[in-house]
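Starting from the structure of chain A, add chain B where the hints point.
Just so you know, the protein sequences line up as chains A and B, in that order. Take the first sequence: its letters are residues 4 to 287, numbered as in our numbering. Take the second sequence: its letters are residues 96 to 384, numbered as in our numbering.
Calculated directly from the structure, the hints in this document are not laboratory data. Heads up, a few of these hints could be off.
Output of the computed footprint for chain B on chain A, the stretches with three or more beta carbons under 8 Å from beta carbons of chain B [as the list claims (entries may be wrong)]:
(1) 34 to 40
(2) 250 to 263
Now the in silico label distances, taken between C-beta atoms and shown as ranges [said to hold, decoys possible]:
(3) B:K196 / A:L129: 30 to 36 Å
(4) B:L368 / A:R249: 37 to 43 Å
(5) B:R103 / A:D182: 17 to 23 Å
(6) B:A346 / A:A122: 47 to 53 Å
Every residue gets a Cβ at the ideal spot worked out from N, C-alpha and C, and that includes glycine.
Letter by letter, the chains look like this.
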Amino acid sequence: MSIAAEQLPAPRRFDLSARAVAAARHHLLTLFAILALVYLLLPIAVVVAFSFNDPVGRFNFTWGSFTLDNWANPFGFPDLRGAVVLSLEIAALSSIAATILGTLIALALVRYHFRGRGATNLLIFLPMASPEIVMGSSLLTLFLNYSIPLGFATILIAHIMFNISYVVVTVRARLAGHDRHLEEAAMDLFATPWATFYRVTLPLIAPGVLAAGLLAFALSVDDFVITYLVSGSDQTFPLFVWGAARVAVPPQINVIGTMVFAAALVLMFLNIAFQWRRSPKGAA
Amino acid sequence: MNFFHRHRALVPYLLLLPGLAWLALFFVVPMYYLGYTSLQAGDLFSGYTFAWAWDNYSDAFTLYRGHFIRSLEYAGVATLAAFLISYPLAYWIAFRGGRWKNFLLLLVIAPFFVTYLIRTLAWKTILADQGFVVDALRTLHLVGEDGRLLATTTAVVAGITYNFLPFMALPLYVSLEQIDKRLIEAAQDLYASRVKAFLRVTFPLSLPGVFAGTLLTFIPAAGDFINAELLGTPRQLMIGNVIQSQFKEVANYPQAAALSFVLMAGIVIAVLLYARAVGSERVTAGTAA
Chain A
4 MSIAAEQLPA
14 PRRFDLSARA
24 VAAARHHLLT
34 LFAILALVYL
44 LLPIAVVVAF
54 SFNDPVGRFN
64 FTWGSFTLDN
74 WANPFGFPDL
84 RGAVVLSLEI
94 AALSSIAATI
104 LGTLIALALV
114 RYHFRGRGAT
124 NLLIFLPMAS
134 PEIVMGSSLL
144 TLFLNYSIPL
154 GFATILIAHI
164 MFNISYVVVT
174 VRARLAGHDR
184 HLEEAAMDLF
194 ATPWATFYRV
204 TLPLIAPGVL
214 AAGLLAFALS
224 VDDFVITYLV
234 SGSDQTFPLF
244 VWGAARVAVP
254 PQINVIGTMV
264 FAAALVLMFL
274 NIAFQWRRSP
284 KGAA
Chain B
96 MNFFHRHRAL
106 VPYLLLLPGL
116 AWLALFFVVP
126 MYYLGYTSLQ
136 AGDLFSGYTF
146 AWAWDNYSDA
156 FTLYRGHFIR
166 SLEYAGVATL
176 AAFLISYPLA
186 YWIAFRGGRW
196 KNFLLLLVIA
206 PFFVTYLIRT
216 LAWKTILADQ
226 GFVVDALRTL
236 HLVGEDGRLL
246 ATTTAVVAGI
256 TYNFLPFMAL
266 PLYVSLEQID
276 KRLIEAAQDL
286 YASRVKAFLR
296 VTFPLSLPGV
306 FAGTLLTFIP
316 AAGDFINAEL
326 LGTPRQLMIG
336 NVIQSQFKEV
346 ANYPQAAALS
356 FVLMAGIVIA
366 VLLYARAVGS
376 ERVTAGTAA
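Here chain A stands alone, though its shape is the one from the complex (with noise of 0.2 Å):
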């Protein structure tokens, strides 16, 4: 550290009233930090609670009665079901193509040295920096300029684009830590350049991978901005969220928040249940 022996205060007495300060401090700090928590969770309990609401008219806004209704027919309302599906759709496809070239590019940057590494990092780094509304827009204008249809295709190439920089990102965090002497040992040992991959690299990056692609399939079923500009006619589930707020807002919209929710926090979950049981200090 670079504090002057000068800068320093001179020494103090103890005192009292300075550990009592100190106390409070200490209990006010997480008064505020539980106060901050609630803030972030309060909406979701929101979501969760409105979701058994029965509510008065067309916007599930007030408190009308409990009710499971919503959650006996999470479907029941025109649309709603085809915006799901489309959202699961583009995220499963758009989440594995991601995966893919996304690993690539970060089995490039870890176990390969190369001419152009630095633009390689900047174009890795920048979609994560740009607002969504630029990126959205600048491919709406591409495909414009080319009258290329909107709709499916237009809405995957988007998510496959924003998805690749977060699983470069997700998997270099898991390979840096990990011995590249290993695949070397494996190569000394006569090991074809794909078996070592497949026997060596794959098995060592496999929950990089996986964290990667779950965390892709989650960034695209929540997207609204890109997907908004770039999906026509095309509903998926943040759109039909989005149409619906101007008309009416059933409260399946909830129920379908609610599962989505409670999945992500199961995949959480287990991720992390699976972590601790890979460490040697949980493994006992």
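For chain B alone, kept in the frame of chain A given last:
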């Protein structure tokens, strides 16, 4: 197989090719078309053609100046608010979290598991005129009898703060968590008060997280239009609202493209100034972490 042995230098490029080609084609090339479209003239029925139409840009600055300024203001205030809320929270998790750290972190990113639009609609419920928050504020006389929260600037900024808060909290947590606790103990052993140890040791060491969090919050916040649309009124419209309506409702593509281009240029300039002020290595180091 021998191909790979003989041409080992080629392997990284083969690995990079498909992914980078995709990014070049659908991220870099579209930026060119954004600029190209922004200089087109015409109308929707006869079509837009390239005409060096710089008036799209002068219109962007004259007609929509207020929207630009408002976007930067809202994004700035929301970023500051997110920082003030996240820093103590991240600090608390990093230093007091103990074995609950991972679980607490899960709570911080939990909002991301609820679709963006749905969690913003939830704020509409919370801030509603008949909601419990407005009731409480009225009882405490913090707002008038007919005072409201929904459809105000406060609601829009609060919504933006909420939606991007985890982007601020996570980098802060990462940089605080990485600090060697012995450095702080050393400062206190050398008779630095708690406050002084924080200001001279902990906070400077957490700066990469501050820079990364600021950028990750400010950039999406400046382009946001969902919070202004769902929680505000036409008086709170941001530049993102104008861009989306010019594209999707008015179909004035050149104007929309010019606005988008100006927004991007403004953000790039702001980020460069910021990076120059604090040192570019610190910015990228924090973002990479």
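Note whether the CB distance of B:K196 and A:L129 lies within 30 to 36 Å or breaks it.
About 32 Å separates the Cβ atoms of B:K196 and A:L129, which means 30 to 36 Å holds.
Between B:L368 and A:R249, does the beta-carbon spacing fit 37 to 43 Å?
With Cβ atoms ~38 Å apart, the hint holds.
For the pair B:R103 and A:D182, does the Cβ-Cβ distance stay inside 17 to 23 Å?
20 Å, holds
Between B:A346 and A:A122, does the beta-carbon spacing fit 47 to 53 Å?
Since B:A346 and A:A122 have Cβ atoms about 36 Å apart, the given range 47 to 53 Å is violated.
Count residues of the segment 250 to 263 of chain A with a Cβ under 8 Å from any Cβ of chain B, then say if the count reaches three.
Satisfied; 5 residues make the cut.
Checking C-beta pairs, does the segment 34 to 40 of chain A have three or more residues closer than 8 Å to chain B?
holds (count 4)
In summary, the structure is inconsistent with hint 6 from the numbered list given earlier, while agreeing with all the others.
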